[in-house]
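A.B. asks: Spelled out, the chains give:
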Amino acid sequence: MKTRNFLLPYVYKKAGMWMFLPFAALCLCLLFDVKLPSIMVPWIAIGDDIFYAGEANLLTEVGMMGLLVSLSFIALSREKDEDEMTAYIRMQSFVWSLWFTSAILAFGILFIMGADFLYFALAALYLYYLVYILKFNLTMRAVRREGR
Amino acid sequence: MKNTVKVERAIKDITQQELAAAVGVSRQTINSIEAGGYVPSAVLVLKIARYFGKPVESVFELDEND
Chain A
177 MKTRNFLLPY VYKKAGMWMF LPFAALCLCL LFDVKLPSIM VPWIAIGDDI FYAGEANLLT
237 EVGMMGLLVS LSFIALSREK DEDEMTAYIR MQSFVWSLWF TSAILAFGIL FIMGADFLYF
297 ALAALYLYYL VYILKFNLTM RAVRREGR
Chain B
2 MKNTVKVERA IKDITQQELA AAVGVSRQTI NSIEAGGYVP SAVLVLKIAR YFGKPVESVF
62 ELDEND
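Residue numbers (the working numbering), protein chains in the order written: chain A, 177 to 324; chain B, 2 to 67.
Since the hints were made in silico from the structure, they are not lab data.
Remember, predicted model here, so these are calculated numbers, not experimental data.
C-beta atoms are modelled at their ideal positions from N, C-alpha and C, and glycine is treated no differently.
Any given hint might turn out to be false.
[What the hints assert, rightly or not] Computed spacing ranges between beta-carbons, pair by pair:
no., chain 1, residue 1, chain 2, residue 2, range
1, A, Leu310, B, Lys55, 37 to 43 Å
2, A, Leu310, B, Ser42, 23 to 29 Å
3, B, Ser42, A, Met241, 35 to 41 Å
4, A, Met241, B, Ile12, 55 to 61 Å
5, B, Asp64, A, Ala291, 54 to 60 Å
6, A, Trp272, B, Leu63, 23 to 29 Å
Assemble the whole structure, with the sequences as input and the hints as a guide.
C.D. replies: Structure follows, in structure tokens:
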């Protein structure tokens, strides 16, 4: 019986890992206000009065989009030896990271105020991916070591 | 769920890798099943039992916690 799992081929995981470092570094620079050249470009988006037609910093857009794509590639790609136990560990890791991220978000909602909360909310967008990737890969590593 | 996969494998004199290849999973999955760390799906249970040429109940058995 074949079931679709909506995962990308394994090669995307490798690509995502290579992409992650530069985009994560760029996003950290943006988060901690490191002086970077701003490349303003005309931008149309959803915003003020339904449509926002103005300018956007290309570095911010590329950095955040690149980080999202690289994390998605790592999180949503098949393992080399993907089978039903991998799918089970994947599902458990999703649930675990959802609980963990919810707890962190609850803490932030209650105890972080003002402008810091915006930075926190921005970082929290990616936290679910990061926690899932860590949990899944650590569990897989433990399973592989156990089987040696 | 208890199982006798390790015993059946010893009787047939095959490695975890050979069984894994025969039923289409990784060696780690067979290892986890033998150690009781992973409960296989009904499809995999049927495949393993068929590979050993035994009824499912003689390879897999419910334990008191199931």
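A.B. asks: Does the Cβ distance between leucine 310 of chain A and serine 42 of chain B fall inside 23 to 29 Å?
C.D. replies: 26 Å, holds
A.B. asks: Lying within 35 to 41 Å: is that true of the beta-carbon distance serine 42 of chain B to methionine 241 of chain A?
C.D. replies: For serine 42 of chain B and methionine 241 of chain A the Cβ distance comes to about 38 Å; the hint holds.
A.B. asks: Could one say that the CB atoms of leucine 310 of chain A and lysine 55 of chain B fall in the range 37 to 43 Å?
C.D. replies: Once the Cβ atoms are compared, 41 Å apart, the range 37 to 43 Å for lysine 55 of chain B and leucine 310 of chain A holds.
A.B. asks: Can you let me know if the beta-carbon spacing of aspartate 64 of chain B and alanine 291 of chain A is within 54 to 60 Å?
C.D. replies: For aspartate 64 of chain B and alanine 291 of chain A the Cβ distance comes to about 56 Å; the hint holds.
A.B. asks: Holds or violated: the 23 to 29 Å window for the beta-carbon distance between tryptophan 272 of chain A and leucine 63 of chain B?
C.D. replies: Taking Cβ atoms as reference, tryptophan 272 of chain A and leucine 63 of chain B lie about 27 Å apart, which means the hint holds.
A.B. asks: 55 to 61 Å was suggested as the range; check whether the CB atoms of methionine 241 of chain A and isoleucine 12 of chain B agree with it.
C.D. replies: 56 Å, holds
Violated hints are absent here; each numbered hint is respected by the structure.
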